[in-house]
Every structure is written in structure tokens, then in C-alpha cells.
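> Working from the sequences, and respecting the hints, build out all of it.
Read off the chains here:
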Amino acid sequence: MRLAALLAATALCAPATADEIWISNEKDDTLSVIDIETLEVIRTIETGERPRGITFSKDYSVLYICASDSDSVQVMDPETGEILHDLPSGEDPEQFVLHPNDKHLYIANEDDAITTVVDTESRTVIAQIDVGIEPEGMAVSPDGKIAITTSETTNMAHWIDTETQELFANTLVDSRPRHAEFLKDGTELWVSSEIGGTITVFDVETQTEKAKIEFEVEGVHPDRVQPVGFELSNGDETAFVALGPSNHVAAVNAETYEVEDYILVGRRVWHMDFNADKSLLFTTNGVSGDVTVIDVAKREPIKTIKVGRFPWGAAFRPTN
Amino acid sequence: MFRLSFVLAGLALASGAAQAEVAISVTYLQQEVERPPVLSNLDPIPEDLGMAGAELGLADNLTTAKFLGHKYDLTVTTVPEGADWAQAARQALANSPFVILDAPVQAQLEVADLPEAAGAVLFNASAPDLSLREAECRANLLHTLPSDVMRTDALAQFLVKRRWDEIVLIAGEHPGDQAFAEALKRSLQKFRLELQAEKTWVFDADLRRNAAQEVPLFTQEFGDYDVLLIADELDDFGRYIPFNTWEPRPVAGSEGLQPVTWSRVVEQWGAVQMQNRFADQAGRAMRPKDYAAWAAYRALGEAVTRTQSDDPAVLRDYILSDDFELAGFKGRAMNFRAWNGQLRQPIPLVTDRAVVAMAPLEGFLHQRTELDTLGIDEAESQCQAFKE
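Protein chains in written order, with our numbering: chain B, 176 to 495; chain W, 685 to 1072.
By construction, these hints were calculated from the structure, which means they are not laboratory data.
Cβ coordinates follow ideal geometry from the N, Cα and C atoms, glycine included.
You can trust all of the hints, since none of them are fake.
In silico DSSO-like links for lysine-lysine, alpha-carbon gap of 30 Å or less:
hint	chain 1	residue 1	chain 2	residue 2
1	B	K278	B	K453
2	W	K845	W	K869
3	B	K202	W	K845
4	B	K481	B	K233
5	W	K845	W	K874
6	B	K481	W	K845
Cβ pair distances, simulated, as ranges:
hint	chain 1	residue 1	chain 2	residue 2	range
7	W	A1038	B	E257	33 to 43 Å
8	B	E380	W	P730	49 to 59 Å
9	W	A1038	B	E254	32 to 42 Å
10	B	E257	W	D1036	37 to 47 Å
11	W	P730	B	K233	44 to 54 Å
12	B	E380	W	E1062	45 to 55 Å
13	B	T479	W	V1039	24 to 34 Å
14	W	D964	B	E257	29 to 39 Å
15	W	V1039	B	S236	34 to 44 Å
Shown next as C-alpha cells:
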């Protein structure tokens, strides 16, 4: 009897470590690591100044951190929390995306109107590309051929040929574009516009606008409905879109472009990431300084987790 | 007569085939105005106030233009007092129909009423006077600087929210102070607050030496109150009031808690990036008039980008349409009021060190946009020029 109970208890804690969600805290210069099993912060790790974009290498062996005010991209060992080295990043790196080759980081240099391409192995800058003012949103197509930078004040999506590292198209979107993602095997590009209050859907083949998604939250003035970060559910069926100071996340049917639900989260929701099977979604809420956990199937918030000040980026890390 | 200070020309590198060339020339036309003497010289007014904002607007527009094959340039013309202002204006208009005006009300009206200005697009980046948005409004004159009442409405909302309803006022004698005091009173009335007492600042002593002696006595008569409002837009005596009042009370208006167009302490909503760009370029922090001039050139640039046109009539129509939106780093899209050409915008309530609140404050509702709780609304507007 006693033995059985003991065994059961051991079984429960069997995976010594659960998967994690890593959060960057822009105004605390730290990362908060959330245990996905217990939904609690289990570690807080110091970083360079003003950490914003964070992303893991494809094998999760290192974490890349945009330490904006330190003017560097830091490379961290996620096991120890130690900074292994800095990458040359150009000034004020805000957000970046890792190329499918697991080697090239495309970095938006917000203060410099430049996209910097860094080779993470040789730790050298291989290209700098002039883009519009305040570059922010970054995306790479699944086949790795196209990189996108969106510029907040120029209001454009800049299309970069990753062979030549040169622009081959510039397309206008609504005011203050913030985030970009390729969908549906790279046939569509979505760009969110914070002040415009829309997501523009582009046909990638022709770089032309295919649709525009608008949002309307009951009881919230349209001015405050400001789409920023977004992520796609399994099979790209549903897009979850953070709507900034409206304090809601929209669930958008990615086929019909219709908004199906609005989910209440913390204040000024910014970015997000899923757990392994995409059953849970974790949103960073800048102003309230917390993370909302959303049950994806039910489209309901299930928990709020206090993190550091002005949480910005979110990145999933499997541990098993 | 007048001097042409400098010309900044930006040649955009056309990417892709250039169609009909789109080229925008803007003149920043400034009337030099002598500032009356003030008690303290701690905060000199920068020489390039306003024009540095137009320069940043040019730089911002040029970056976008690079990808569209458009061209922009900026000419700065400063007209000394006593020189021929009208001739300078005519010359600017002969060069281009787009002019950013940095001048008092009468000088702006003189430009707007020139035959050469018919069909021009002029921006007021310097005059907060209500008259320019009301009876004296002109269809060719848009306003990117908020009116006095937009700012005082913002402050009144804060007073309502905090229930500071016992209010007293000290106003200076300068016309700008008096206009701001009038705006304050108008806003108090609008938000159903009552002014308990009012005094005029008539001292001519040097307060650096004896503010601690004069101000307590001067404010003793007010009795008890919640907040002391200051109308000192000249920046003369206001700095000597806080902490010297007879009753220990907060100060707001031209001093203390100030409703402003812009301030270096605004850092949310992506503002840090613009503050940095401005500081890199001008070597100082961005001020309200810089912001208004920046917004003017950016509004024009936004209309050019969206319409692909440099025709002033096309641009004016677009700027005044519902489609127009300017991302002004104050948390909301900004556009123009179709009834008087005023740029709608949030008003930060700031101290020297932080943003205290952003107006419109939560709870002040409006059927069109909450931004229209600040300033002259359509129903009360006396402006006729935009109705044609």
C-alpha cells in the first residue's frame, strides 16, 4: 500500500522538468521562465538592457535575445542562464527572425532604419539592408527564400531576397505595421497594423493585397483596438491576434478571414506563443505586467501569471 | 529684406520604374517675434524651435519616398520683424503651395488671404489661438498645433477625474497668458467646474530673490482650495509658484501638471524612437512646436504616399477625409476635423519628469471619437470656411 503510493508519487513527478515558456521583460532587463505544468514562474534570469525579441535556435540549445539598449543580440545557454557571447547586431535591435537554415538571424534595427543579417556561427554581419523607419516586424518564408521587414513609420512591408540580401518589393500597409507571419506553406503573408487597426493579407507570389481583416471589440473604441503580435494554431486554421490596449486577443478564421471570438486578457497585450501541442496560448500583457494563459480549444483565459515589468516577447522551449 | 536660411534637398533614389514624378517642396516660413523679457533665463528658447521638427518630418518622409520614387525638400525662410512678410510669403507660394507657418495669428491670416494662397495647403504649427479655428478660420489653413482649449479641456478632464473642484487661478498679463486663462475658464465651464477665485500677476520684482516672501502672501487670500491653476504661457513667473503657496496645494496649467502637445517625457506608444531620432538630429529634446511642424510635414507625406499625387487639391481632400490617419506616437491614430481643419490628437498631462495621464481620459465619451471631447466640437463650431 505504502509502496504503491510512493510509486504513484514518483510517477507524477517523473518528467523532472516540464516544458517552458520564456518571457522577456522589457523594463526589468530579465527573462521569466514559466513552467507549463504548474503555470508558475520557476526562474528569473538577468539579461542585457531592454530585452524584447527572443527566439530559440532550432534545437533549443541557445536562446537569442534582442537586448535593445545594449545594442546587441545576446546568446544565452538556456540551461545555465549564462550569456555565452554577444552577436554583432547593429544598433537598437528590437525583433528578429531565425532563417530556416538555423544560421542567419534577420534583425530589425529600430533606430537605424536597417535590417541586419548576422551569421550566428561566424558571428559576423553578412549584410545590412536599408529599409523604412523603425523596422520591427520580421518574418522568413518556410522555404527560406524571402525575408520580410515591416517599418512602423514608413508603413511598408519590405520584401528581401535572401539569396542576394536585397529588396525586391516594398508594399504599403496601414499605419504602424508591427508583426508579420507567413501562412499556408508560405503562400500568404499577413502583416498587422497597430494604428490602422487591421491585418493585411498578401498573396506572396504576386506581393499583392488579397484581403484585409478588421476588428471590432464591443465596448472598446476602434482607436484602442490595435493589432500587434499574432500566432497561428495547428494547420494554420486560426490566427490569434493580440489587440494591444483593447486588452483582447482575437481568434480569426484564417480561411474566411472572419473574426470568430474575442478573448479578454491582461492590459496592452503584445506577443504570444503556444505550448507543444498548441492547446495553450501564453500572451504577454505589457501594462499589467503579466501573462495570460488561454485554453485554445475553449478560447477562454484560464490563468494569469505575474512576470516582470513590461513583458514583451514569448518563446516556447520543450525540455523532454 | 528677408533671408533664405538654407535649403535641404532630398533626392530620392527611385526604386522601380518612375511614373509621373511626384515631388513635394515645402517652405517653413517663420516670422521672427521678439520674446518679452522673463524673470529667469534658465531655459532659453532654441533657435531652431519648430523648424527642427519640420526637418525630422522631411527625413521621415524621405525614407518612405526612397521606396516609392517620390521627392521631398524643405526650404526654411525666416523673416525678421519689420521686413516684408507678405513678399516673403508670395515668394514661398510661387515656389510651392505647401507652407508650414510659424507666425502669430495676424501674420498667418495675411498669408492665407493672399490671392497666391488660393488653393494652397498651409499648416499652422505655432498659433494656439482659438480665433484661427473659429470665426477667423480659413479653408486653406490646417492646424497641427492643438488649440489652447484642447489643452485646457485635457486638464479639466483630469480635475474632474480627481474631483479637484475647488479651483483658483493666477494669470499673467501677456496676451498669450490671458488667452490661456480664457481657455481655462471655458474648459472649467464645459466640464462643470467652478473657478473660486482669480488673481492677476502684476509683480515686477525679481522673484529669484524673494519668491519665498511674495508668493505665500499673494496666495493667502485664496483661502482653501484643491488646485491652483497658472496661466503663464510666456514662462515668466510660474516657476516660482510651486512650494511657495500659502496652502500646500498642487499647481497645474502652465506650471506643475501641464497639458502639452508634446514633451520629452512621452515615451510610450513607440515615442522613444521618435524622441531618439529627433535628439540625434537636433541635439536637444523635442518640444511642442517641433512636434506640430513634424506632424504637418508628416501629414502631407502620408497623403502623398497614399494618393501618389502632389496636387494640392487632391492632397487637401485626402487629408480632410476619413481615410487619412497619422501615427503620431500618442497612442491613437490622428486625423483632421473636417469643420475647422484642426488635427485631432491626444494631449499628455505631464510634469517635468513623467507623463501623469493621457487625455482624453477614460470615461469621457463622445459619439464620434473620444478625441472630440478635447477642443471645439462640430455643433459649437463657428467656422464657416470649411463648409463650402
